[in-house]
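Enquirer: What follows is the residue order along each chain.
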Amino acid sequence: MKIHGIIFIFLTVFPLISFASEMVEIPAGEFVMGDDHDRYATPRHTMHLDRFSIDLYEVTNEEFAKQFPGHAFWKGAGSHPVTDINWHEAQTYCAKRGKRLPKEEEWEKAARGDKARIYPWGDKLPRKKAHTFYSGLIKRRVGLNKKDTSPYGVRDMAGSVWEWTGSEVEGKKVTRGGLWNFHLEYEFSKTFDRNPVASSDRLPFLGFRCAR
Amino acid sequence: MRTLEKLSRRLFLERGFWATATLLWSLLRGSTVAQELHSYEGTDFIGKTREGKYKFFYINFWKPLRRINGEAWRLKITGLCESPQSFTLEQIKSINPKTQSSRMKCVECWSARASWSGFAVRELEEIVKPLPGARGILFHCGDDYKEYLSRKDLNQDQVILAHSMNGHPLSDGHGFPLRLIAPSKYGYKNPKAILEMEYVSEHQAGTWSKIGPYSPDGTILPGTDHPLELGKEPRRISGGEITNY
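Note that the protein sequences, when read in sequence, are chains A and B. According to my numbering, the first sequence holds residues 1 to 212 in order. According to my numbering, the second sequence holds residues 1 to 245 in order.
Among the clues, some could well be false.
Which residues of chain A face chain B? A few of them, derived with a C-beta cut under 8 Å, are [to be verified]: (1) 40; (2) 49; (3) 195; (4) 197; (5) 201.
Read the hints as simulated data drawn from the structure, not as lab findings. Backbone N, C-alpha and C fix where the C-beta goes; we use that ideal spot for every residue, glycine too.
Just chain A, with the same shape it has in the complex (with noise of 0.2 Å):
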């Protein structure tokens, strides 16, 4: 009975725990945004920010595929984040899931915290460059790279694949993220860098998270 009961707890429970722990929460207040030396960034500025959550991992091809059961992808790739989607199908996912897209402030301050980091693990380029001889994007497991997590434990936000946020510049969608697996742009991938993209756009180095 006792075992039962555990089990029972423990079935009712998980779920529940293994869904909150995929959001995480970014407190209210303020942080540096932006970055004077880096002309594609917006100007530093402090801003205040009320709380909200983000999405612990981006958006994976087995998640995605549950909301738009058509979505095909390579077998082992369940894992991987999901790209080659444009912004309408990103912002419908999330909407689908009760969330919407994160602003790019906020997904800015849950990249680089409140000390205005411009990596989300701090101020300084690993030491180990990723697939140096290589033109092209590697997928892989989203939150294999621990070392690539933010002052919030928010994972991937300097590496993996770039990632659609609510926000528009100059008639376009602002992507943030980076790719740590780009042979010759490693600079690419500051906290504070941003690259607008046509919200019709699928690339196979643009996926997203969502917030709420």
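Put chain B on the given structure of chain A with help from the hints.
Expert: Then chain B, alone, in the frame of chain A:
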């Protein structure tokens, strides 16, 4: 003393003769070498060069190739299609023409813009009718280069089979008589001097993806570009086709 004088004069004349002969020989030889370095004119071969007229738009070939004779050339369409057939250059030029300006981005950092004229792949597909199992096309080129693109990629709006560049037929260096222009992909996914297009059922690695560090997909990634005609000044690019300059 007199004998010495005579010997010196003879020696002087002898050495002068050989010096002049050597100088003339080296000048002649030098000019031949210079000609070989700067141009392939005068030979039947086209190959990799970054000299002279190509300084604003580099060309790269996998292997030097014999100059293609436009009259004898035929584009062969083979593999998984209902009507495999060959097209002459005149037939190719008569397919519903389309002109577009697009930038070619090389995986080696540089890029260059040109106006390209040709036709959409779907125009060709209406004639040869690919079978349902045809997933992509394997391009066979004059320099033994092979490249694969999926039909999904080939039927994007900005993808054309081009026979003209900047209002003129393609030069030998730029892939006469027919090349692919796929602006959202790195240059190595834009095969030149196409001889055959083979419809295939499976994804296949192209020449560079098979032996080099180049991704089979070849989509241009976000990063930095160095456009040749803009002084190679670094510019940030968003990934995919470069449309803003």
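Enquirer: Mind checking the CB of residue 195 of chain A against every CB in chain B and telling me if the closest is under 8 Å?
Expert: 5 Å, holds
Enquirer: Does the interface hint hold: is residue 49 of chain A within less than 8 Å of chain B, judged Cβ to Cβ?
Expert: Violated. Min distance 26 Å.
Enquirer: Going by Cβ atoms only, is residue 40 of chain A closer than 8 Å to chain B?
Expert: Cβ of residue 40 of chain A sits 5 Å from chain B, so the hint holds.
Enquirer: Interface hint check: residue 197 of chain A, Cβ to nearest Cβ on chain B, cutoff 8 Å. Holds or violated?
Expert: Holds. Min distance 6 Å.
Enquirer: Does the interface hint hold: is residue 201 of chain A within less than 8 Å of chain B, judged Cβ to Cβ?
Expert: 6 Å, holds
Taken one by one, the earlier hints fail for this structure only at number 2.
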